[in-house]
Amino acid sequence: MNIIVCAKQVVDVSEIKIDSNTKKPILQGIPQKISDIDKNALEEAIKIKEKHGGKITVITAGPSNAKERIKELLAMGADEGILITLPEKSDYHVTSNLLACAIKKIGKYDIILCGEASIDMFSGQIGPRLAGILNIPQITYAQKINAEKEKITADRNMGELAITTESTYPVLVTVTKEINEPRLPSLMQILGAASKPINEWSADSLVSALTPLVETIELKGVPMTRKNIIFKDDIDQSVGKLVESLTKEGVLR
Amino acid sequence: MVLVYSDDKKLTFELLNKGKELTKELGKKLVAVAIGKDADAVAKEYIAHGADNVFIIETEMEHFKAEEYAGFFVKTIKETNSETILIGSNKNGKELASRLAGILNAGCIIDCINLHVKNKKLMVERIVYSGNAIAQEQFNSKPEIVTIPPKVFNPLPADPHHKGDIIKKKFDAEKSSSKIIKIQEMNAGDVNVEEAEIIVSCGRGFKNKDDIKLVSELADALKGKTVGCSRPIAADLKWLSEDHWIGLSGHKVKPKLYIAAGISGQIQHIAGMRDSGIIVAINKDPEALIFKSADYGIVGDLYEVLPKLTYAVKEKLK
Numbered sequence: 004m005n006i007i008v009c010a011k012q013v014v015d016v017s018e019i020k021i022d023s024n025t026k027k028p029i030l031q032g033i034p035q036k037i038s039d040i041d042k043n044a045l046e047e048a049i050k051i052k053e054k055h056g057g058k059i060t061v062i063t064a065g066p067s068n069a070k071e072r073i074k075e076l077l078a079m080g081a082d083e084g085i086l087i088t089l090p091e092k093s094d095y096h097v098t099s100n101l102l103a104c105a106i107k108k109i110g111k112y113d114i115i116l117c118g119e120a121s122i123d124m125f126s127g128q129i130g131p132r133l134a135g136i137l138n139i140p141q142i143t144y145a146q147k148i149n150a151e152k153e154k155i156t157a158d159r160n161m162g163e164l165a166i167t168t169e170s171t172y173p174v175l176v177t178v179t180k181e182i183n184e185p186r187l188p189s190l191m192q193i194l195g196a197a198s199k200p201i202n203e204w205s206a207d208s209l210v211s212a213l214t215p216l217v218e219t220i221e222l223k224g225v226p227m228t229r230k231n232i233i234f235k236d237d238i239d240q241s242v243g244k245l246v247e248s249l250t251k252e253g254v255l256r
Numbered sequence: 004m005v006l007v008y009s010d011d012k013k014l015t016f017e018l019l020n021k022g023k024e025l026t027k028e029l030g031k032k033l034v035a036v037a038i039g040k041d042a043d044a045v046a047k048e049y050i051a052h053g054a055d056n057v058f059i060i061e062t063e064m065e066h067f068k069a070e071e072y073a074g075f076f077v078k079t080i081k082e083t084n085s086e087t088i089l090i091g092s093n094k095n096g097k098e099l100a101s102r103l104a105g106i107l108n109a110g111c112i113i114d115c116i117n118l119h120v121k122n123k124k125l126m127v128e129r130i131v132y133s134g135n136a137i138a139q140e141q142f143n144s145k146p147e148i149v150t151i152p153p154k155v156f157n158p159l160p161a162d163p164h165h166k167g168d169i170i171k172k173k174f175d176a177e178k179s180s181s182k183i184i185k186i187q188e189m190n191a192g193d194v195n196v197e198e199a200e201i202i203v204s205c206g207r208g209f210k211n212k213d214d215i216k217l218v219s220e221l222a223d224a225l226k227g228k229t230v231g232c233s234r235p236i237a238a239d240l241k242w243l244s245e246d247h248w249i250g251l252s253g254h255k256v257k258p259k260l261y262i263a264a265g266i267s268g269q270i271q272h273i274a275g276m277r278d279s280g281i282i283v284a285i286n287k288d289p290e291a292l293i294f295k296s297a298d299y300g301i302v303g304d305l306y307e308v309l310p311k312l313t314y315a316v317k318e319k320l321k
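Taken in sequence, the protein lines are chains V and A.
In case it helps, my numbering puts the first sequence at residues 4 to 256.
In case it helps, my numbering puts the second sequence at residues 4 to 321.
Among the clues, some could well be false.
[To be verified] Covered stretches of chain A, going by a simulated chain V footprint (3 or more residues, C-beta under 8 Å): (1) 23 to 31; (2) 39 to 47; (3) 236 to 248.
[Unchecked claim] Chain V is faced by these chain A residues, among others (derived, beta-carbon under 10 Å): (4) 100; (5) 101; (6) 131; (7) 289.
By construction, these hints were calculated from the structure, which means they are not laboratory data.
Positions of the beta carbon are idealized from the N, C-alpha and C atoms, including for glycine.
Just chain V, same shape as in the assembly:
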């Protein structure tokens, strides 16, 4: 089974601080990591490989420092890494087409696995977009998957409905955080990952003249003005003060 996992390097959103004057997020100096749900995608790929054998290739489209993050994925159990260095300006159109070109260059694949969305933008566009470009079926929001020799079956959480979908290969599957608990690599695996190949492919070498169709004009802060009145005294007093405050706010009726 040839499995491709798309993983994105993101800023660790839980570390983002807000500039108290501009109310804008401070993104410089924030630690980078592989988007959590993409690790769930890789974990699922490893499980499929353990069952059927094969090869796992991880692809990251991002800056050249993403190489360090790819090493973590190789330590977890991917066999080979590919880093597509993104052009200065990119959008979902550019990124998904670069991923598609890289996948075509790899050639043979049965399953493409992605996280349902990245934790920084939480758009969830890349997976289905990629499936559309490659003209293959898409199985989204998978909470449980069962890969067999000829077909894959997935339980999907679609909000009001739980839907089970199956497909032959090739197929693109996006997974949710609940599907598994990504493994932590052992020291041996971390050391072993050093000998696994990471190929760097430039955007130009894959496809020429891709221009973004959407551009981000501005990143604005979100004004969040809360009163932050915290009662820390004796619980009975705190409860009393809270009920009093809520009554004044007119929400106790």
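Model the placement of chain A on the given structure of chain V, informed by the hints.
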């Protein structure tokens, strides 16, 4: 044309309102799409709610599938000459819009909370970095595809005199090699956190499933009766169904009063409730992030605070 579509009728009404505004600015017509066998009645409703045309795609397909639906929309967009496409942002809508954008090589933005036209270009806003920033995005090409979540815009009131044409089409669906083999209703019950005026939510601070009654008792006392929760309770522990799940990948709520008990305040949770009127936090950790997003807070053990608060609320509302 400006084209709107959602499989959620109420959401379509909301899209029609925004779509109408855009058509005025762009000097275009507004077309709504309905899919299914007996869509005449709903088509008439769309016209009453502002559609100039309704395009009915007749199909034998009983359920949404992104592959086939994207195929329908490729053809519909071509036939109607649509350049601006607004799709309702539920799970189906998001995967449809994204796949469609991939096929058409179109720009696409998911979960827009604001849209307007500037120099004939669509400008949209969306929330990024787990609710820490708003990105303003500009489309530089057509077609422009966006998805819009429920309740961002109000629906236009129905005007029974509004006139429009219904066009029926039958497209051959390109068969996808994936198929739906089972559909189950999630145990929805009558929980609707998105409509609730008062919500009491629980998180990791609860030790046992049975303890959730502390939250429902307070919710009952507040006459809110609605219980919410953070991700671990619904997704990992499954103590409550996902209808109760509030957060970035759960439900987004805006009640008048939101009480978070035993919730640490991860930004993913905050993103789901930040638009609430008054936010109250109960947590034993004085450093818990939730207090930063709260109007009022009590530092204390929820097992002690909740019963006392429930009692005090009951006394107050007697």
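Here's how the hints hold up against the structure:
1. With a threshold of 8 Å between beta carbons, the proposed coverage of the stretch 23 to 31 of chain A by chain V is violated, since 0 of its residues qualify and at least three are required.
2. Counting residues of the stretch 39 to 47 of chain A whose C-beta sits closer than 8 Å to any C-beta of chain V gives 0, which falls short of three, so the coverage hint is violated.
3. For the stretch 236 to 248 of chain A, the proposed coverage by chain V is satisfied: 3 residues have a C-beta within less than 8 Å of a C-beta in that chain, meeting the threshold of three.
4. The restraint placing residue 100 of chain A at the interface with chain V holds, with a minimum CB-CB distance near 8 Å, inside the 10 Å limit.
5. The criterion of a C-beta within 10 Å of any C-beta in chain V is met by residue 101 of chain A, whose closest approach is roughly 4 Å, and the hint holds.
6. Annotation: interface hint on residue 131 of chain A holds; nearest CB of chain V at approximately 5 Å, less than 10 Å.
7. A hinted interface residue such as residue 289 of chain A counts as satisfied when its beta carbon comes closer than 10 Å to some beta carbon of chain V; here the least separation is about 6 Å, so the hint holds.
Hints 1, 2 from the list above are not met by this structure, while the remaining hints are.
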